[in-house]
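> Protein chains in written order, with our numbering: chain A, 1 to 247; chain B, 248 to 494; chain C, 495 to 811; chain D, 812 to 1128.
Hints in this document: simulated from the structure, not taken from any laboratory.
Predicted model, so just to flag it, every value in this text is computed and none were measured.
Keep in mind that a hint or two might mislead.
As the list claims (entries may be wrong) - In the BS3-like style, the derived pairs of lysine-lysine whose C-alpha atoms are separated by at most 25 Å in a straight line are:
#: 1; chain 1: C; residue 1: Lys630; chain 2: B; residue 2: Lys421
#: 2; chain 1: B; residue 1: Lys340; chain 2: D; residue 2: Lys960
#: 3; chain 1: A; residue 1: Lys94; chain 2: A; residue 2: Lys197
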Amino acid sequence: MAQLTNMQMMAVALARQIKDGMTCIIGTGLPLLGATIAKYTTAPNAVLIFESGIIDGNPLEIPTSVSDLRLALGASVLWPQYRYLGFQNNAYKKGKIDLGFLGGAQIDIFGNLNSTSIGDYWHPDSRFPGSGGANGIATNVNTVIIMKHERRRFCEKVDYITSPGWIDGPDGRKRLGLPEVGPQALVTDLGVMGFDKETKRMYLAEYFPGVKIEQIAENTGFEMDLSRAVIAEPPSEEMLDILKKLM
Amino acid sequence: MAQLTNMQMMAVALARQIKDGMTCIIGTGLPLLGATIAKYTTAPNAVLIFESGIIDGNPLEIPTSVSDLRLALGASVLWPQYRYLGFQNNAYKKGKIDLGFLGGAQIDIFGNLNSTSIGDYWHPDSRFPGSGGANGIATNVNTVIIMKHERRRFCEKVDYITSPGWIDGPDGRKRLGLPEVGPQALVTDLGVMGFDKETKRMYLAEYFPGVKIEQIAENTGFEMDLSRAVIAEPPSEEMLDILKKLM
Amino acid sequence: MKSNNKVMNMKEAVSTFVHDGDCIALGGFVTNRKPYAAVREIIRQGIKDLYLEGGPAGGDVDMLIGAGCVKVYFNSYFANSGFTEVCRRARHAIEQGTILWEDYSLDVQTLLYHAAALGLPYIAVKNMLGSNMIDKWGIAAEVWEKDPKLASRKLMVTSNPFNPDEQVCLLPTPKIDTAIIHVQRASAGGICRIYGNTFVDVDIAMGATNCIVTCEELVSEDVLRKEPWLNQLPELVPDAIVHAPYGAHPAQCTNHYDYDGQFLKMYDQASRTDEEFIKYLTEWIYGTEDNDAYLEKLGVSRLFNLRVKPGYGYVPL
Amino acid sequence: MKSNNKVMNMKEAVSTFVHDGDCIALGGFVTNRKPYAAVREIIRQGIKDLYLEGGPAGGDVDMLIGAGCVKVYFNSYFANSGFTEVCRRARHAIEQGTILWEDYSLDVQTLLYHAAALGLPYIAVKNMLGSNMIDKWGIAAEVWEKDPKLASRKLMVTSNPFNPDEQVCLLPTPKIDTAIIHVQRASAGGICRIYGNTFVDVDIAMGATNCIVTCEELVSEDVLRKEPWLNQLPELVPDAIVHAPYGAHPAQCTNHYDYDGQFLKMYDQASRTDEEFIKYLTEWIYGTEDNDAYLEKLGVSRLFNLRVKPGYGYVPL
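Just need the whole structure built from these sequences, with the hints factored in.
Right, here's the structure in full:
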């Protein structure tokens, strides 16, 4: 097991969030990889949907984007974008989407995400692509977030809220008119974070084999509850094999 | 020419409103017949569009409705209804639709149309299908109206405005927030009415061969300007032949 | 989470997803691809007090109203065009005041169903301004306000906040419990393919809480996944898939059959009086146990004669 | 009235329908069916001060910004995903403040284009509430108010008039002068057929005042009219039809070709610095007179190697 990199462990942890039969919105990058692994191993009946309008694709190769022709293979429909977003807008009323998978450049303790820019919005130090589908996903469905675990990314206050998490606690979303869904987990290259049922604050749930809890605390720019952490279970042989083929 | 019925003359007059190359919205019933005649004779390049979403159909038989499979033959697209209505909503800004053809049960001097009910709306003496696509057409494009010329249908005040004409004069539509298009002509079984450029009031433009002007005045329930009326030109032999085949 | 097999018989689908007092919406257009087999089953089950979104309605709405299933009818049009210019049972019910109704233009109703599918809370349009659909409401304002199945009001005229000189009509998105559509092909899991015009079918299917799909052909998923751009609905949308060949009879169904003009003329007569209509219901609906029995009654040669002629797409003269 | 032949060459189409200061919108998605051939011609013609609606943008928007054609960019996303995670020229322009920009979520931008196609004056959504897209505007409120190419403001948060407890975000519909989309098949008169995902293409085509369509194949109208349910646009919508095989290169095009990964990697390098980017423009855009010359430069074997493998729909590993 020693040869598993943190990035590989991250992909495995991500794949574990997808239970068989779930319907999940998948974003570009690591979510695509995690979802493909899940589909090949523990969740062959997961339905993967994408903001490009590709619904229930069955990729044989890892796609480079959510609009990649590799994703459209064996899809059930190729919706125009507005159809997809309508389905997503109605999802929280109908419970038809289980999870959305999001990335970001910065996160705070309530899971609010920045994927827009670092520094002053009008004179940014670093500019990123912006929301893409992330804001809509974060607005309408429960989410799993994926990020690199670095102190500069885990901030007291993000420079720009692109995708709302729990805002500032249990009443934050309701107050702003948002559907009462939100971040369920955060998967990083060091471990898996949960969000407390009552306070909606992030806590450490699992740390990957070989990672020390202190290392996680050092890489987190705010005070996080570490008391509930357990070591993450290593992946099965089957998952390992698939991982090696894909990564 | 004596054997031409008024209904046939009405279909001919209707077909004449459609110039070659025009794009026209066509409603069920007599408009469908008139448009088919036009397409077979003077306006082979007319583009006929329908609220069902059938665009540029090329019927070989007279369809029974705007959704009839007979209409879809050789169409350029079969749009979902919302696409059609979007195209129609934008038409007045882009000038992409030349005319819409409408029917109704009652009309007033400003071309306001009732196709909803006669008598009190909540306790109607006679109930009709309601707007269908008519209100949207009357809202967004210049129209040609088709009706039987009867005194009870040509009223001082219609019992219910289903499709707005010029409302109450030249400023009526603007005041209510409506696009500044409106009724251009009214074709009946007795003749063709126009709407005055200044006052937007209906006037008699043409009467069919065999019809007397007084007969039209008697069958009109309001005071209409008859001073500009000329006799309608009889149809060509070619149009007559087609008419006999179709009616 | 999804179930991979949504196939039910019509009895089960209707009794599971259509209840007394529900708001339902029907697909198709006047005499084209109307979900008649489901309508007949709703009548057989004696479902009452429906809030009915008819869209461009024909005999489907007329039979439901005539059979006493409907409490509120949201209308934009009702005709078996070319056969019955004003559907007679619906007309009678409105003239006698035995149902509540509300009038819209077809454009607005289409857009309201579309808004439901897009998850929009309300829409702003120019349509209906200057018409009595704005100020003469079929349903009293107090009823709109009190009935939990209805929005707080029919509509509101206001100015565009981005352009205060412009007037707009705001309308709240309807809350549809169950949509019923008839399609040509569906898989057991729920992938749907419609050939020809789709009308408002995809919108009501996606805007409603539940969706019953009846289909001409129940086909393998693989066939449908080979050309996903021809499909309209993924497995995620339908809740029940019912195999109902000729399920749109007496309406048309692209690539399959034309309307049954003889039947529509018979219905025109049958819907003239209460007595004749009860006879019609007894013979053609209560008297047929299910869609199979209905088709047997029509007979093989009648059904075969309705099949469309390739190249035309209908039964030419 | 319509003209029956809308075929133009790219030079003519762009010079007729894209002017300095126009608001334009581009179809496609990131690295899929982007109208690159038209983008290259806009750059060749040195068009300036564009208001650019990028949708889910990639190198198309990046090149236009890098080449100095853009004054205002309406953003929801810009990446050649898998090759360049943040498009470098656009990023540079925002970081240096050489363009104006405004941020939206992809959902909202999609819906705004859709609203334009539906003729709706504005939309009400829940998306973007609770985000800084609501209160941190890229373009100052005074500019929104004064610039006649813009609506009076970016957005407004208010309560749903039919349900005052519910907050909604109102956004005005953009006014797009010209949409540019690349499709697989078009007739000379303007009927268009897109295979695979349609993204926002139909919406921008119908929402814009003018529409340029570039196509892989110019086909006879009869072929397209035989299966009208496969077509998206009638003759009434496009204003110019330009035959541009491989017109989406280096992006993908369903049924035709995969993306050119080698080219996208080269572009990733070329877009890192001003110097390298100028070299890229000089070699690949200014240095090629038109799409034919661009394709000649790529060469036959490279183009043939990009052709999708039937059954997969892409070039498998």
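> Among the hints numbered above, which are violated by the structure, and what are their numbers in rising order?
none
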